[in-house]
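Assemble chain B onto chain A, guided by the hints.
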Amino acid sequence: MSETLRSNSEEKEQGLSRESQQNIYCREKFIPEEAKQRVEALIADFKNYYSSLGYKEEPPVSISSGVDPTVRFIGSHISVLKPYLVENRVPSPGLFMRQDCIRTQNADRLLDDDYHPNWGSYFPSIGAITPPERLSESCNEAFDFFEKQLGISIENILVRINSSDADLLKACEQRSGLAIEKDSRKPEYYKHKIGIEGIKGRSFNIALRDHDGRGFSDVGNIIIFEDAQKQLVVETALGSTTILKQLYGLDHVQDCTPVIGLDGIKNEAIRRKFEDAIITSTALYQDGLRPFGQHNRNRILKQYVRSLSYFRAKSGISIDGLTQIISAFEQREFLNPQEQNAEVIAEFVRAFENDVFARKDLTEDEKKIKKSLKLLV
Amino acid sequence: MDTIKNIIKPKKIKKGAHIRVIAPARSLKLLSEDTKNGAINRLKEFGFKLSFSKHAEEVDEFTSSSIESRVEDLHDAFSDKKVDAILTVIGGYNSNQLLQYLDYELISKNPKIICGFSDITALANAITTKTGMITYMGPHFSSWGMKHGFDYSQTFFEKCCMENGAFDLLPSEKWSDDPWYIDQEKREFIPNDGYWILNQGHAFGRVIGGNLSTFELLHGTDFMPNMEDSILLLEDDNESLPHHFDRELQSLIHQPGFSGVKGILIGRFQKGSKMTRSLLNKIISTKKELKNIPVIANLNFGHTTPNITLPIGGSVEMSSGKEEVKIRIIEH
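Top line first, the protein sequences correspond to chains A and B.
For the first sequence, my numbering begins at 1 and goes up steadily by one.
For the second sequence, my numbering begins at 1 and goes up steadily by one.
So here's chain A without its partners, still in its complex pose:
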């Protein structure tokens, strides 16, 4: 490995002595204060690696920019890269990017006490696209990233693939020592859509062994997008937080964007959803979005912001306490002092709470929030 390819991620498998505290990757859980640094180091590793291969970097866009009208928020870098594949102008060897994303699968169930989210809504996505004729090379590049850049042994990597995808299977089988799990999931698991009529994707998923050595968990995939006539692009899509969760044995992907100050909450589901609401609200306020109006984006943000009242009530946290928690998170996660929004978010929370106590025509969710706040009082 050249100097420029040397990993920024610390504590590789070799040469470490504290084995009793370490997982199969010879890494320990990092403390919350180090999380941002770890995430950025992994992203830097990814960018340096693909840059060294000759890929060009595509700049990120704001999460709620609406550049992809088929989605409410940017949920994957492919939203930004779509024009290249639609206009058939994917350069060789390719493009890579880091894109902050939000997937709102948790939004409708934030107030459901029985719902425990496995995923956070906000995450930085890393990915690359390359022309379809480079399928085999792009697969090897991705496996090299894991093996050589991150120092992960091949026996800790698994791919999950549909055996009918012969081209993808062939590319994986060429990789010496790679474990291949065929047809273990429903066919839909390997299929993708990107909101463009007639364009579909087929993928295999890349999984890393769990830190305790037992199972494997997905951390990304390689997708080939095609229309009825031809193959259009190969996309490598990796989750920086899912990779870090596996490597460091984290309990949850949200531990990569930790919210400090919620440790006292015993109910794990409430704590994770509270974290998610803080993280997502802060990220979207940073983006300039506000919970006003009927557009889906604004309405979803309203769900997250309103849930802050529910969670703070459930957790016995005052508005001032909430402000401090959000502020500490925001300062750690977003390094732009001109755009600190913690106090504004707290004022919105307070105003929404005043609203549920003043209005009579409440929705069921609002009634639930009001009831929880009454108990807090």
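Where hints are given, some of them may not hold.
[Claimed, not checked] Partner residues are not named here, just some residues of chain A that face chain B (Cβ under 7 Å, in silico): (1) G288; (2) G293; (3) I319.
[Stated by the list, open to error] Sample of chain A residues lacking proximity to chain B, with all beta carbon distances greater than 12 Å (derived): (4) N23; (5) I43; (6) A228; (7) P291; (8) R350; (9) K374.
Rather than coming from a laboratory, the hints here were simulated on the basis of the structure.
For glycine and all other residues, C-beta sits at the position ideal for the given N, C-alpha and C.
Frame of chain A; chain B shown alone:
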């Protein structure tokens, strides 16, 4: 009606900031030397540096200047990196002439405070609608020329344009409707009888509006703000009598999307407008669309003095009970 753009907050200014004075409505020439020099002195004493736009003193048959001159001056003010904030000279009748010629991308890429009122309502709401940038309804450059009774205006300009935190709008102790620019020493200050609660309730939303007869000029255009989850500011000068205000408000109520208005704040009327509390109460109470939203009047904005500064595109929480009122500017 455009969708609500993501918010852009212009950087707050500090003492030492460079303020560009532009004349997008009537000309700087309209001001007396006394008012102009008074404004320059007050702004400089406060610690601002001042410059005037190239065409600020150009004047035509309408006491204004050409569209080209005004557009050029506004673009220069936004694109000049040395300029921190923009004050408009005074109001007028024609700033809406500029709206289709403005480079909104240039403005959104160079966000900075722009403050004025009255005819500037058209400009402020259009810029906010097209860019998401907060604009400010507050003192013109000319307003700073007032010798007496400006402290309250200055305090709220500082809160809105120079500080970051949320703040409550408290009524001034006194107000005035005299032509202070004619005689600075002969002033008549009237005790303020406080806010008028016309409808009770609580609301929270985005600030839009301003001078009603100017805001009306935006109806049906791309420059009209989205009214979803909005708090509407309304005021008018003594050219507008109660029946004018009534029908203009009715016209606004007929606009698509008015049901998104969550509350209304009304600025103090000039004596010459003949508006009284009971007339205003009658106007509001006869409109069924307003029955379930809070309406508070007699606020310190409009064409009397002193004036608060309010953030168009910012957010406000308002609450009115039988006697108590809370108006809190949350984001500005």
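(request) Would you list, in rising numerical order, the hints stated earlier that this structure does not obey? (result) 3, 7 and 8
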